[in-house]
Amino acid sequence: MFSYYLQLGLRSLRRNPMLTALMVMAIGFGVAASMTTYSVFRATARDPIPQKSSVLFNTQVDAFGPENIEKGEPPPALTYKDATALLRAHKAKRQAIIYPVSVSVIPDDPARLPSREGAYATGSDFFPMFDVPFIQGGGWTPEDDEKHASVAVITKSANDKLFNGAQSVGKQVNLDGRLFRITGVIQDWAPQPLFFDVPNTGGFDEGASVYIPFTRAVDLQLSTNGNNNCVAEPAEGWANYLQSECIWLSLWSELPTKADVDAYRGYVTGYAAEQQRAGRFRWAPNVRVRDVMDWLDVQRVVPPESQVSLVVSLGFLVICLVNTVGLLLAKFMRRAPEIGVRRALGASRKDIYAQFLIEAGTIGVAGGILGLLLTGLGVLGVGLVFPEPIARLATLDPVLILLTLVVAIAASVVAAFYPTWRAAQVQPAWQLKSN
Amino acid sequence: MQIKPILAALRRHKAGTILIALQIALTLAIVCNALFIVHERVDRVNRPTGMDESNVIAVQNRYVGSPPNFVPLVKTDVQALRSIPGVESAYATNSYPLRQGGWSTGIQTKPDGTKDGVPTALYFGDEQTLKTLGVRLIAGRNFNAGEVVTVQPQQTPSPPQVIVTKAIVDKLFPNGDGLGKTIYLSKGKPSTIIGVVEKLTVPWTDFDHLDNVTIMPVIFNSGYQHFLVRTRPGEQDAVFKAIPKTLYGVNRMRVLPEKYGVRTYDMVRSRAYEADRGMAILMSVVCGVLLAITAAGIVGLSSFWVGQRRKQIGVRRALGARRSDILSYFMTENFLIALAGVVLGVVLAVGLSQWMFTHFEMKRLSFTYVLVGVVVLLGLGQAAVFAPALRASKVSPVEATRSV
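Chains A and B, in that order, give the protein sequences. Going by this note's numbering, the first sequence opens with residue 1, and the numbers climb by one from there. Going by this note's numbering, the second sequence opens with residue 1, and the numbers climb by one from there.
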C-alpha cells in the first residue's frame with residue numbers, strides 16, 4: 001500500500017508543479033536557514049572538553065572589592081599573589097596557572113624571517129589535566145616547574161615549520177633569542193570554545209603553538225599578551241608588578257569528586273577570609289569555583305549574534321510551515337471529490353490519512369534535499385556573516401545532514417496534519433451529491 | 001463597500017483565513033525586528049571616527065628579542081617611514097580608532113581623586129599625530145617634538161601635556177574653560193590640557209564613551225608598536241607596498257603579522273565591524289526571502305479560493321456584477337485578512353522585541369519600524385492577491401450555468 005500511495009502522491013505533486021515547487025521551496029528555505037544558524041549556534045555553545053568538563057574548575061577570587069566589580073561577580077582573572085598562593089597549597093588533584101604570552105620564534109636558518117607565535121605560560125599539570133594529545137614526547141615534569149627550566153612543548157604546525165615535521169624532542173627552539181629544550185610535540189590543539197582562556201580570547205581563537213613553564217616566563221618578565229587590569233597603579237618594576245593587585249592570570253583545577261570540589265571551594269573561601277583578616281581585602285570572601293560549562297555560560301561565550309540569528313531563523317521556519325499548511329490545505333481540499341469517491345468505494349479514514357501523510361512526506365523529502373543543498377551553501381557562506389574564528393567552526397557533518405533531513409520531513413508531516421484531518425472529514429455522500 | 005458579505009464568506013473559510021492572517025502576523029513580527037537590527041547595525045558601521053580615514057595605513061610591528069631599550073628602534077623606524085616617497089606624516093602609537101585593543105583609564109581633576117573619574121582611551125603620539133589622523137584641533141596647540149617623553153612598561157603614562165577630545169573637556173569643565181586646566185591620569189601626576197580636538201573615537205566599537213580620547217606625547221618602551229602613516233592622495237598603494245620592504249630593510253629582527261601587519265584604514269574598518277556587517281546581511285536576506293515566501297503563499301491560497309468559487313463568481317457576474325466589483329471583492333477580502341494579521345503582528349513584534357531586549361541586551365524596537373512593517377505587509381498582500389483577483393474578474397458569467 002505504501003508504494004501505491006507514494007505513486008499517487010508523486011502523481012498529484014506533478015499535477016500542480018507550481019504549488020509543489022512553492023511548498024518544497026518553503027520547506028527547503030526554512031530548514032536551511034534554521035540549520036545554517038543552528039550549525040553556528042551549536043559550534044559556539046558546545047562543550048569543548050566533554051570527557052572532563054564536569055571535573056575541571058576555574059577559580060575566581062575577588063581582589064578588587066565590591067565597588068570595582070559589577071553585580072558581585074568577582075573579576076575573571078587572578079592576581080599573581082592569589083594564583084601562586086592557591087597553586088602552592090596543592091588542594092586539587094591537578095592545577096595549573098595559565099596566561100598568554102607572545103614570543104618570536106627565530107629559525108636557525110638565517111635566511112628565514114622570524115615569526116610571532118601565540119604561546120601560553122603554564123604548569124606541567126596543564127597537559128594531563130586537559131588531555132592534550134601528544135604525538136612526540138610528553139609534557140615537562142613538575143621538577144621542571146620547580147627548577148624554572150627552559151623547556152617547551154610545541155604544536156605539530158610549529159614542528160612542521162621549524163623542523164620540517166621531524167623528530168624534535170630534545171632539540172632546542174629559539175624563543176626571543178633564548179633557547180628552550182623541546183619535551184614534546186602536540187597536535188594542533190585548540191578546543192573551541194577555548195575555555196581555559198576566555199577572558200583574553202572571548203572563547204574563539206586559534207590557540208597557541210608554543211607552551212612554556214609559567215615559572216620560567218615570570219623569571220623572563222614576559223608580560224601577558226592578554227588583558228591586565230589594575231585597580232591601583234603598581235609601583236615601577238616587575239617585582240612590584242607581581243606584588244600588585246593587577247589581575248592577569250587564570251587558575252584551573254581538576255577536582256574529580258563532589259567532595260573534592262566542596263573541600264577546594266572551602267579552602268579558597270578560607271584563603272580569601274585569611275586575606276581579609278590580614279587586612280589586604282576589606283570585604284568578605286567573594287570567590288567562585290566554576291566548572292567548564294558554568295564558566296562559559298557566565299562569560300557569555302555564545303555571541304548574541306548567533307543566538308539572535310537562530311531565533312530569527314526558527315521564526316522563519318515557523319512561517320514557512322504556516323505557509324505550507326495553507327498550501328497543503330488548498331491542495332488537499334481541491335481533491336475533495338476524489339476523496340469522496342475513494343471513501344464511497346470503501347476506503348477508511350485511516351487510508352486517507354496514510355495517503356495524504358505519505359504525499360506530504362514526499363514533499364518533506366524533496367524539501368529536505370533542497371534544504372540540505374542550501375544548508376551546504378549556507379555553511380560555506382557563514383564566513384560572510386560571522387567573524388572568521390566563529391565561522392570556521394560551523395561545519396556540515398553527518399549529524400547536521402541527518403538533522404536537516406529529519407527536521408524537513410518532520411516539519412512537512414506536522415504541517416500536513418491539519419489538512420489531512422480536513423481531508424479525512426470529507427463526507428462521501430455530500431461530495432457525490434454535489435457532482 | 002461590501003464588507004458584510006465578505007466577512008460572511010470568510011466565516012466559511014476559517015482555516016485558510018486564519019492561516020493567511022497568522023502568516024502575515026508572524027512575518028510582520030520577524031521582518032520589523034530584522035529590519036530594525038539591520039538599521040542598528042548599519043548605523044554602527046557608518047559611525048565616524050573623527051579621522052580623515054582615506055590615505056591612512058596602519059602597521060602592526062613586533063620587535064624580536066628583548067633589548068633593554070626599544071626607543072631607538074622605534075625612532076629609527078618612524079624616521080624610515082617618514083622618508084618613504086609619498087608619505088606625508090607618520091608616528092608610532094599604542095592604538096588608534098577601531099583597532100579593538102588599547103589602553104583606558106579614568107581622568108581625575110584632583111591629585112588624589114578616589115572616584116572612578118571620566119573614562120578615556122589613551123593614544124600615544126607626537127607632533128605628527130594630529131596631522132596623520134586628520135583630526136581638527138578646535139582650541140589650543142599641537143605638541144612639539146621636545147615634549148615627547150618615554151614611558152616604561154607597567155607604568156601609567158602621565159606626561160605634562162595632553163590633548164583631549166571635546167567630549168572630555170565638556171564633561172570635565174562644563175563652563176567651557178577647559179583649555180589650560182590641569183587633569184590627573186595617575187595619582188599626583190598633573191597633566192595640562194594644551195589642545196582640544198573636535199572628535200576622535202576610542203579603539204573599541206563597544207565602549208560606553210566612544211568620544212573620550214586623550215592623546216599624549218609619549219613614546220612607549222615596548223617591543224609591540226603600531227605605526228600610522230598618512231600618504232599623499234593617490235600614493236597609498238605604492239606606500240602600502242613599500243612599507244614592509246622599508247621596515248625589513250631597516251632591521252630584519254621584527255615580525256609584521258601576515259594578516260594584520262600592514263592594513264589600509266578601509267581594512268581596519270571592515271575588520272572592526274565584521275560582525276555587524278554580517279548580521280545586517282543575514283537579516284536583510286532573511287527579510288527578503290521571508291517576504292517572498294509570504295507573498296507566494298498568499299498567491300497560492302488566493303488562487304485556490306478563486307478556483308473554488310468560479311461558479312459563485314459566474315453567478316454574481318450573471319446577476320450584474322461588473323469585473324471591477326469582483327476584483328475589488330478579492331482585494332478587499334485580502335485587505336481585511338491582512339488587517340487582522342498586522343494587528344496580531346504588531347503585538348507579536350513588540351513581544352519579540354521585548355524578549356530579545358531582555359535576553360540579548362538589544363535595543364527596543366522603534367515604533368517607526370512597526371509602522372513601516374505594517375505598510376509593507378498590507379502592500380505586499382494587495383500586490384500578491386492582484387493576479388488571482390484579476391483572474392477571478394475574468395471569469396465569464398457563463399460559468400454560472402456550468403457544473404464544476
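Since the hints were made in silico from the structure, they are not lab data. Hints are not guaranteed to be accurate.
Straight-line C-alpha distance at most 20 Å; calculated SDA-like pairs for lysine to any residue [unchecked claim]: (1) B:Lys110 / A:Pro304; (2) B:Lys259 / B:Ala272; (3) A:Lys161 / B:Arg252; (4) B:Lys363 / A:Gln172; (5) B:Lys14 / A:Phe64; (6) B:Lys259 / A:Asn229; (7) A:Lys71 / B:Phe360; (8) B:Lys14 / A:Ala232; (9) B:Lys187 / A:Arg335; (10) B:Lys187 / A:Pro304.
Tested hints:
About 40 Å separates the Cα atoms of B:Lys110 and A:Pro304, which puts this hinted pair outside 20 Å; it is violated. With a C-alpha separation of about 14 Å, the suggested pairing of B:Lys259 with B:Ala272 holds against the 20 Å cut-off. Straight-line distance between C-alpha atoms of A:Lys161 and B:Arg252 comes to about 19 Å, which keeps the hinted pair within the 20 Å bound. Distance restraint check for B:Lys363 and A:Gln172: the Cα-Cα separation of roughly 54 Å exceeds the 20 Å cut-off, and the hinted pair is therefore not satisfied.
About 63 Å separates the Cα atoms of B:Lys14 and A:Phe64, which puts this hinted pair outside 20 Å; it is violated. Of the pairs offered as hints, the one joining B:Lys259 and A:Asn229 is violated, with about 28 Å between alpha carbons and a cut-off of 20 Å exceeded. A hinted pair counts as satisfied when its Cα atoms are at most 20 Å apart, and A:Lys71 with B:Phe360 qualifies at roughly 18 Å. For a cut-off of 20 Å, the pair hint linking B:Lys14 to A:Ala232 is broken: about 70 Å separates their Cα positions.
In summary, the hint linking B:Lys187 to A:Arg335 is not supported, as the alpha carbons are separated by about 85 Å, beyond the 20 Å threshold. The straight-line distance between the Cα atoms of B:Lys187 and A:Pro304 is roughly 38 Å, outside the 20 Å bound, and the hint therefore fails.
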